[in-house]
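Visitor: Numbering (the numbering used here), first residue to last: 170 to 451.
Among the hints, erroneous ones may be present.
What the hints assert, rightly or not - Below, simulated BS3-like cross-link-like pairs (lysine-lysine); rule was C-alpha separation at most 25 Å, straight line:
id : residue 1 : residue 2
1  : Lys-194   : Lys-296
2  : Lys-401   : Lys-277
3  : Lys-240   : Lys-437
4  : Lys-201   : Lys-240
5  : Lys-277   : Lys-201
6  : Lys-199   : Lys-296
7  : Lys-330   : Lys-378
8  : Lys-209   : Lys-296
9  : Lys-422   : Lys-401
10 : Lys-401   : Lys-199
11 : Lys-277   : Lys-190
12 : Lys-216   : Lys-277
13 : Lys-378   : Lys-422
14 : Lys-296   : Lys-401
15 : Lys-199   : Lys-209
16 : Lys-194   : Lys-277
17 : Lys-296   : Lys-216
18 : Lys-240   : Lys-277
19 : Lys-277   : Lys-199
20 : Lys-270   : Lys-194
21 : Lys-201   : Lys-270
22 : Lys-435   : Lys-401
23 : Lys-437   : Lys-401
24 : Lys-190   : Lys-209
25 : Lys-190   : Lys-216
It should be emphasised that the hints constitute simulated quantities derived from the structure, not laboratory data.
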Amino acid sequence: MPELPEVETVTRQLSAVIADKIVQKVTVFKSKSWVGEVVKVEGQQIKEVSRRSKIIRLRFADNLNILIHLKMSGQLIFVDGQTRVGGGHPTADWTNHLPSKHTRVMFKFTDGTQLFFNDQRIFGWMKVMNDEEVAQEFALLAPDANSSEITLPYFAEKIAKRNVPIKQLIMDNQVIAGVGNIYACDALNLARISPLRPAASLSPVEQKKLLESIQTVIALGIQKGGATVHGKYVHVTGMSGHYQEVLRVYGRKGEPCPNCGAPIQKIKLAGRGTFFCPNCQV
DNA sequence: TTAACTGTTGATAC
DNA sequence: AGTATCAACAGTTA
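Modelling step: build the complete structure from the supplied sequences, incorporating the hints.
Guide: As structure tokens, then:
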């Protein structure tokens, strides 16, 4: 999916265009993509759009919310017929032909604007929840990677006694929330730490360097509007992000390491494609 | 053609 | 508990 920076970008853009709008009609094309009763949200006004980890929250009045997880291939595309967010025009023609065959849920607002939830792989979801259910869902998560709650003592304690490879741990939402495969690979390269290292083997200096590196790449990802890698993740306008232009190692097998110039290697770790520099990431 | 790959994360089994 | 594997799905790439 979209990892924290991508979801943060979508959340900010969405907030700018759909806050205060009133849902007129929700059309569910794929029942698996929607959990809850459509009638609960029809006629309701969106009060706030926010994000926790990789989950987007649409908050309505009266104890009503929709949580959205984009998983691997979800997109939220806002269309108002003429102008689009940021005044830009979507690069892809498909934004002019919505709903598409990948549109799973469609919102129509009372002012005639529309929001499309497209999700090729159908892993993503939208769930209608009350405030308590939202709180329960969020309580399962560690603090967000870009939150001040992730302190060095917290991080060090979380990874101290674990034998799993460090990359696996920094992608664990119960350890630090929002870091996925792309930013995990890049953070480890920036910290010059091998993804294979058992978490407990990191020295205090390495723990500090890794946490700072995670915070750095996540912040850069947000600043760049997220990474559009295989045309999957896009902004609510259909436009691409820019982090893919500054990727350190992710997807760059054979290319020179930004630290030392040695060729980047790709391995499989815990079932996930993992890019790193075997020369300087030790 | 077939197999393996893909940005997530849950359920399951040891 | 901590860890490893697989499944959910559809499409692309080797």
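Visitor: If a hint holds in the structure, say so; if it doesn't, say that too.
Guide: Results for each hint:
Restraint check for Lys-194 and Lys-296: the C-alpha separation of about 16 Å stays at or below 25 Å, so the hint holds. Among the hinted pairs, Lys-401 with Lys-277 is consistent with the structure: their alpha-carbon atoms are about 23 Å apart, no more than 25 Å. The suggested pairing of Lys-240 with Lys-437 holds, with an alpha-carbon distance near 20 Å, which does not exceed 25 Å. Proposed proximity of Lys-201 and Lys-240 is supported: the alpha carbons are some 13 Å apart, at most 25 Å.
Distance hint between Lys-277 and Lys-201 is fulfilled; the C-alpha atoms sit about 20 Å from each other, no more than 25 Å. Proposed proximity of Lys-199 and Lys-296 is supported: the alpha carbons are some 13 Å apart, at most 25 Å. For the suggested pair Lys-330 and Lys-378, the alpha carbons sit about 18 Å apart, so the restraint of at most 25 Å is met. For the proposed pair Lys-209 and Lys-296, the alpha carbon gap of about 11 Å is at most 25 Å, so the pair holds.
Restraint check: the Cα-Cα separation between Lys-422 and Lys-401 comes to about 20 Å, which is no more than 25 Å; the hinted pair holds. For the given pair, Lys-401 sits about 19 Å from Lys-199 by alpha-carbon distance, which is consistent with the 25 Å threshold. Of the pairs offered as hints, the one joining Lys-277 and Lys-190 holds, with about 10 Å between alpha carbons and a cut-off of 25 Å not exceeded. About 16 Å separates the Cα atoms of Lys-216 and Lys-277, which keeps this hinted pair within 25 Å; it holds.
Of the supplied pair hints, the one linking Lys-378 and Lys-422 holds, its CA atoms being roughly 24 Å apart against a limit of 25 Å. Note on Lys-296 and Lys-401: the hinted pairing holds, with a Cα-Cα distance of about 22 Å set against a maximum of 25 Å. A C-alpha spacing of about 18 Å is found between Lys-199 and Lys-209, which places the hinted pair at or below 25 Å, so the restraint holds. A distance of roughly 5 Å separates the Cα atoms of Lys-194 and Lys-277; the hinted pair therefore holds under the 25 Å criterion.
A threshold of 25 Å between alpha carbons decides the hint, and for Lys-296 with Lys-216 the separation of about 17 Å falls inside it, so the pair holds. Taking the CA atoms of Lys-240 and Lys-277, the gap is about 23 Å. The hint holds against a cut of 25 Å. With a C-alpha separation of about 16 Å, the suggested pairing of Lys-277 with Lys-199 holds against the 25 Å cut-off. At most 25 Å may separate the alpha-carbon atoms for a hinted pair to count; Lys-270 and Lys-194 meet this at roughly 19 Å.
Simply put, Lys-201 and Lys-270 have alpha-carbon atoms about 15 Å apart, close enough for the 25 Å limit, and the pair holds. As the CA atoms of Lys-435 and Lys-401 are separated by approximately 21 Å, the hinted pair is consistent with the 25 Å bound. At most 25 Å may separate the alpha-carbon atoms for a hinted pair to count; Lys-437 and Lys-401 meet this at roughly 22 Å. Between Lys-190 and Lys-209 the CA atoms are separated by roughly 15 Å; this keeps the pair inside 25 Å, and the hint holds.
For the suggested pair Lys-190 and Lys-216, the alpha carbons sit about 8 Å apart, so the restraint of at most 25 Å is met.
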